[in-house]
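Here is how the chains run, residue by residue.
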Amino acid sequence: MSLCRIMIALTSWFLLSTSAFATQPPAAQSEYVPLKDLPATENVPAAPFLIAAYAFVWIAAMFYLWTIWRRLNRVETDMRALAQKTSRR
Amino acid sequence: MRKAFGPLVVVGAALFVAAPYFIAQAPYESTMGLIQKIMYYHVPSWIAQYCAITVCGVASAIYLFKSHPVADRYAVSAAELVVLFGLMGLITGPLWARKAWGVWWQWDVRLTSALLMELIFVAYLLVRQYGGPGSEKLASATALFGTATGPFVYKSVDIWRTVHPKTTVVPTLPSSLGAPLALTSAAFVLLFVVLLTLRVNLAERQAALDEMYLALED
Numbered sequence: 523m524s525l526c527r528i529m530i531a532l533t534s535w536f537l538l539s540t541s542a543f544a545t546q547p548p549a550a551q552s553e554y555v556p557l558k559d560l561p562a563t564e565n566v567p568a569a570p571f572l573i574a575a576y577a578f579v580w581i582a583a584m585f586y587l588w589t590i591w592r593r594l595n596r597v598e599t600d601m602r603a604l605a606q607k608t609s610r611r
Numbered sequence: 034m035r036k037a038f039g040p041l042v043v044v045g046a047a048l049f050v051a052a053p054y055f056i057a058q059a060p061y062e063s064t065m066g067l068i069q070k071i072m073y074y075h076v077p078s079w080i081a082q083y084c085a086i087t088v089c090g091v092a093s094a095i096y097l098f099k100s101h102p103v104a105d106r107y108a109v110s111a112a113e114l115v116v117l118f119g120l121m122g123l124i125t126g127p128l129w130a131r132k133a134w135g136v137w138w139q140w141d142v143r144l145t146s147a148l149l150m151e152l153i154f155v156a157y158l159l160v161r162q163y164g165g166p167g168s169e170k171l172a173s174a175t176a177l178f179g180t181a182t183g184p185f186v187y188k189s190v191d192i193w194r195t196v197h198p199k200t201t202v203v204p205t206l207p208s209s210l211g212a213p214l215a216l217t218s219a220a221f222v223l224l225f226v227v228l229l230t231l232r233v234n235l236a237e238r239q240a241a242l243d244e245m246y247l248a249l250e251d
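Chains A and B supply the protein sequences, listed in that same order.
Residue numbering for the first sequence follows our numbering, beginning at 523 and increasing consecutively.
Residue numbering for the second sequence follows our numbering, beginning at 34 and increasing consecutively.
For the record, the hints were derived by calculation from the structure and aren't laboratory data.
Quick caveat: nothing in here was measured; it's all calculated off a predicted structure.
Every residue gets a Cβ at the ideal spot worked out from N, C-alpha and C, and that includes glycine.
Check each hint, because a few of them may be wrong.
Partial pick of chain A residues on the chain B-facing surface, computed with a CB cut under 10 angstroms [as the list claims (entries may be wrong)]:
no. : residue
1   : 567
2   : 568
3   : 572
4   : 600
Quick look at which bits of chain A chain B covers, simulated, 3 or more residues with Cβ under 8 angstroms [as the list claims (entries may be wrong)]:
no. : region
5   : 573-579
6   : 583-597
7   : 601-610
Now the in silico label distances, taken between C-beta atoms and shown as ranges [claimed, not checked]:
no. : chain 1 : residue 1 : chain 2 : residue 2 : range
8   : A       : 577       : B       : 201       : 23 to 33 angstroms
9   : B       : 64        : A       : 530       : 43 to 53 angstroms
10  : A       : 584       : B       : 206       : 27 to 37 angstroms
11  : A       : 591       : B       : 192       : 19 to 29 angstroms
12  : B       : 199       : A       : 584       : 32 to 42 angstroms
13  : A       : 601       : B       : 55        : 41 to 51 angstroms
14  : B       : 164       : A       : 554       : 34 to 44 angstroms
Use the sequences and the hints to build the structure in full.
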C-alpha cells in the first residue's frame, strides 16, 4: 500500500515538474533584430487573426443558441409525449 | 423580463449591426495597428463573463442557503454563459497575443488565473451533469469558489507584473477608441441578458417536465 502511494507521489511529481519545465518562457532575445529581417513565421499579418477572432465569437454564440433551441425542442417533444400518455390513462 | 425580451433582442441586434461601422471608423492604435481591433470583442467578452459570474454567484449563494429552485435555474444558466463568454475571451486573447506579443500564450498570472476560473465553472457544469441527485448544492459551492476568484483575476494585472495590460488602460482610452468599445460592450451585455433569458426558460421547461414525470409515477 505504502509502495503504491510512493509510486503515485513520484509519478505526480514527475508529471508536474516536466510540465513546469515544458511551459518555461522562451529564451530572452539577446540582440536587436530589424522588422524586415524577421523570419516569415514571425512576421504575421494581422487580418487573419482579427477575422478569426470575430468569426469565433459569432460561431460560438450561434452554436450556443442552437444548443438551447435543440434542448428546448427535445423537452417540448417529451412533454407532448407525456401529456398524450397521461390522457390515454 | 419576459415583456422586455422583444425590445432587448431588437436593441441588441441593432448594436451588433452598428458595431462593425464604428469599429471600422475607430483609429488604429499606434503600436499594434489593425490587430488592436480585437479589443472590441475581447474586452466585452470578459465584461459579459463577469456579468454571468455575478448572476451565477448570487444565485448559487441564494440556492445554497435558501434552497430556492428558481435561484438554481439562474445559477446553472449563468454558469453556462460564464463558460461561453470565457471561451470567447480565451480564444480571442491568444489570437491578439500571437501578433502583439509574438506568442499564443504566456503562463503569466492574468492568463493563468483566467484559465483556472474558466475551469472552475467547467467543473461546476460537470458536477451538475454527472454528479447525480443532490449535486446541486455541491455545484453551488463550486460556483461560489469560482465567483470568489473573479476579483483576483481582474486585479491580478495591477498586483503582479504581467505582460497583459493593466485595468487602468480601458478607462483612460480616448473617446475615439472608447466609444466603439462602449457600444460593443453594451451589445455583449444585451447578448448575455437575451441568452440568459432563453436558458432560464429552458430550465423552467425542464423543471416542468420533471414534475410531469413525478406526477406520472405517483
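For each hint, the structure was consulted:
About 8 angstroms separates the beta-carbon of residue 567 of chain A from the nearest beta-carbon of chain B, less than 10 angstroms, and the hint is met. Interface hint at residue 568 of chain A: satisfied, since its Cβ lies 4 angstroms from the closest Cβ of chain B, which is below the 10 angstroms cut-off. Annotation: residue 572 of chain A was flagged as interfacial toward chain B, and the flag holds, the nearest CB pair being 6 angstroms apart, inside 10 angstroms. Nearest Cβ of chain B to the Cβ of residue 600 of chain A: about 6 angstroms, under the 10 angstroms cut. The hint holds.
Evaluation of the coverage hint for the region 573-579 of chain A: fulfilled, as 5 residues show C-beta separations to chain B shorter than 8 angstroms, against a requirement of three. With a cut-off of 8 angstroms between beta carbons, the region 583-597 of chain A has 7 residues touching chain B; three or more are needed, and the interface restraint holds. Restraint check on the region 601-610 of chain A versus chain B: 5 residues with Cβ-Cβ distances below 8 angstroms, three needed, restraint holds. For residue 577 of chain A paired with residue 201 of chain B, a C-beta distance near 30 angstroms keeps the hint of 23 to 33 angstroms intact.
The hint said 43 to 53 angstroms for the Cβ distance between residue 64 of chain B and residue 530 of chain A, and at roughly 49 angstroms that hint holds. A hinted range of 27 to 37 angstroms for the beta carbons of residue 584 of chain A and residue 206 of chain B is consistent with their spacing of about 29 angstroms. Between residue 591 of chain A and residue 192 of chain B the C-beta distance comes to about 42 angstroms, which lies outside the given range of 19 to 29 angstroms. Between residue 199 of chain B and residue 584 of chain A the C-beta distance comes to about 33 angstroms, which sits within the given range of 32 to 42 angstroms.
Range check, residue 601 of chain A to residue 55 of chain B: Cβ separation about 43 angstroms, and the 41 to 51 angstroms hint holds. Between residue 164 of chain B and residue 554 of chain A the beta carbon distance is about 56 angstroms. The supplied range of 34 to 44 angstroms is therefore violated.
The structure fails to meet hints 11 and 14 from the earlier list, while all remaining hints are met.
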